[in-house]
Amino acid sequence: MIPRLIAIAFSLLLMTVASASNMPTIDIGMTVVKVPIAPKSMDEAAKYLKKEAEKKGIQEIAHNYLHKEYKAQGLSNIRRIEIFQFCDAKLAKALIEHDMNFAAYLPCRVGLIEDEQSKGWFVMINPNIFKASMATMPPELKKQAGKVCGTLMKIIGASPAATPANMPFMDMAQTVVKMPIVEDVDIDEAIESLLLRANNLNVKTVARLNLTDEYKALGLPNIRRTDIFQFCDARISQKLLKHDIGYLVYMPCRITLVEDNEGKGWFVMMNLDMLLPSHLHNQAVSFTEKLMEIIEAGANGDL
Numbered sequence: 001m002i003p004r005l006i007a008i009a010f011s012l013l014l015m016t017v018a019s020a021s022n023m024p025t026i027d028i029g030m031t032v033v034k035v036p037i038a039p040k041s042m043d044e045a046a047k048y049l050k051k052e053a054e055k056k057g058i059q060e061i062a063h064n065y066l067h068k069e070y071k072a073q074g075l076s077n078i079r080r081i082e083i084f085q086f087c088d089a090k091l092a093k094a095l096i097e098h099d100m101n102f103a104a105y106l107p108c109r110v111g112l113i114e115d116e117q118s119k120g121w122f123v124m125i126n127p128n129i130f131k132a133s134m135a136t137m138p139p140e141l142k143k144q145a146g147k148v149c150g151t152l153m154k155i156i157g158a159s160p161a162a163t164p165a166n167m168p169f170m171d172m173a174q175t176v177v178k179m180p181i182v183e184d185v186d187i188d189e190a191i192e193s194l195l196l197r198a199n200n201l202n203v204k205t206v207a208r209l210n211l212t213d214e215y216k217a218l219g220l221p222n223i224r225r226t227d228i229f230q231f232c233d234a235r236i237s238q239k240l241l242k243h244d245i246g247y248l249v250y251m252p253c254r255i256t257l258v259e260d261n262e263g264k265g266w267f268v269m270m271n272l273d274m275l276l277p278s279h280l281h282n283q284a285v286s287f288t289e290k291l292m293e294i295i296e297a298g299a300n301g302d303l
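So in the working numbering, the last one in the sequence shown is 303, and the numbering has no gaps at all.
Don't take each hint at face value.
With a straight-line Cα cutoff of 20 Å, these simulated EDC-like cross-link-like pairs (lysine to aspartate or glutamate) come out [said to hold, decoys possible]:
| id | residue 1 | residue 2 |
| --- | --- | --- |
| 1 | K216 | D227 |
| 2 | K90 | E60 |
| 3 | K131 | D171 |
| 4 | K154 | E82 |
| 5 | K90 | E54 |
No lab work stands behind these hints: they were computed from the structure.
Using the sequences and the hints, build the whole thing.
Written out as structure tokens, the structure is:
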């Protein structure tokens, strides 16, 4: 019992530190690249992205139609919104083994969105914001990561070297929440608790991506569990996108289960508090607090 209580206390400490209120606010627009799709139509842009990624050997592993979620919720003023998720499983495994924090940002996403003026855009996180975190990578891993990100940026028409003068350079560790699964809870039990708490809180699970199977299909060595769970609140996401289409690259919200080299399970999640606009902060934080409760329930095996 005592080791379990210590583990729970440690988990809560990690959450508190990661979500501290003194974290600086960052303009969401400075963390992403936005490229108009004109003269392509939305359909043409979607087909082009998928075709070019396939030609370059970049695998699409998931595709979210966010506007369909809006319709299902009976929302109004719906515009077309799609999220393409790409992943090189071998690279993903290497990145997570190098630094578990990368799990919060995988798979790589490219958003396709129609704004309120009916103009179409590609949106993608700018990998240059994590230059500091990438500086410690082994040269070959850094080269491979840069190649995949750079290729996707080229496909959407952005410069891989795009770095605005006032771009923030974020410490990835400051943007991530990690919680260890307590010792007497196995990984499958933790996942069951995670999904059950999400259901109890009416937080919709919109996707589950099993990278473990991708690793096995490639015959990679030393395979550890990696599962990505994606959640969405349609109403809040629509409000965030109305404020700035850049939020699309952070949707749906994800919680990743990672098994470390010692066989210990962890839940890893982005902490977006520093990116939230002031007028939507309370609404968005209410959702992130639910995600925190979901992570805590999973890590502690609470039903």
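Here is how each hint holds up against the structure:
Using a Cα cut-off of 20 Å, the hinted pair K216 and D227 holds, with the two alpha carbons roughly 13 Å apart. Taking the CA atoms of K90 and E60, the gap is near 14 Å; set against the 20 Å cutoff, the hint holds. Proposed proximity of K131 and D171 is supported: the alpha carbons are some 9 Å apart, at most 20 Å. With a C-alpha separation of about 19 Å, the suggested pair K154 and E82 falls inside the 20 Å cut-off, and the hint holds.
For the hint linking K90 to E54, the alpha-carbon distance of about 16 Å falls within 20 Å, and the restraint holds.
Hint violations for this structure: none, all hints satisfied.
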